[in-house]
Amino acid sequence: MSQIYKVFFKNISFEIKPFSKIDSKLSCILFFESLSEFISAIYIVLKTNDSCQKRLILKSDNVQNDWQHLLYNLRQFEFIVAAGGIVENSLKQRLFIFRNGFWDLPKGKVEENERLSIAAKREIAEECGLSEIRFGSFISKTYHMYYENGDVKLKETHWFLFYSNQLENLKPQLEEGITHLKWVSSKDLEDVLSNSFFSIQELVKTYLSSNSV
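Counting from 1 along the sequence shown, just add 1268 to a position and that's the residue number in my numbering.
Just so you know, the hints here were simulated from the structure itself, not pulled from any lab data. A hint or two may mislead.
Stated by the list, open to error - What follows is a list of derived Cβ distance ranges for each label pair: (1) 1336 - 1358: 20 to 26 Å; (2) 1339 - 1448: 33 to 39 Å; (3) 1418 - 1454: 38 to 44 Å; (4) 1434 - 1405: 34 to 40 Å.
Unchecked claim - With a straight-line Cα cutoff of 27 Å, these simulated DSS-like cross-link-like pairs (lysine-lysine) come out: (5) 1473 - 1360; (6) 1377 - 1473; (7) 1315 - 1360.
All residues carry an ideal CB built from backbone N, CA and C; glycine is no exception.
Build the full structure now, drawing on both the sequences and the hints.
Structure, rendered in structure tokens:
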């Protein structure tokens, strides 16, 4: 699937878009035409720990090149690699976890020398109690930044599609703050995503768009 050229921080997204795909009618947006000014604005948001909902968008003539420069600059912060998955059953329901007040998807930190897809499968098994999981395909990567113990961290999460028809004997990993598991149908997806993180909303939207073709 296509790369998601966005980095998320709380209610804020840092985005890189081609000039031809800019929608000027969108609200709560700050546009930038200079990569250096765009990065400086991001640093200000991180330094002030801003939480106001907004989008910072770089209008780019070379999205891939500017994206690589952005990631290079943000790698000055502690960099964490994680893996997770969207799990589907035969009814086209997707498995969501409820963690710390939000609906989320199972994911976790990749261990040393661990393959990304194996890490994703392991995290799903640990967080959801799934014993029957079949690998599907790679979906995409997402990036989000957050504060932990006073330090800013950048997390790169690799997402994969898995399949499972295990509808019973699911077990949330309580020690990881997961209190509930739910198979979500397409008709209920919007309600669940309305109480989810922006990065998860973007991932699911990208995945569904790709699979509707």
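Hints, one by one, checked against the model:
no. : hint                    : in the structure
1   : 1336 - 1358: 20 to 26 Å : violated, 40 Å
2   : 1339 - 1448: 33 to 39 Å : holds, 34 Å
3   : 1418 - 1454: 38 to 44 Å : holds, 41 Å
4   : 1434 - 1405: 34 to 40 Å : violated, 20 Å
5   : 1473 - 1360             : holds, 15 Å
6   : 1377 - 1473             : holds, 23 Å
7   : 1315 - 1360             : violated, 42 Å
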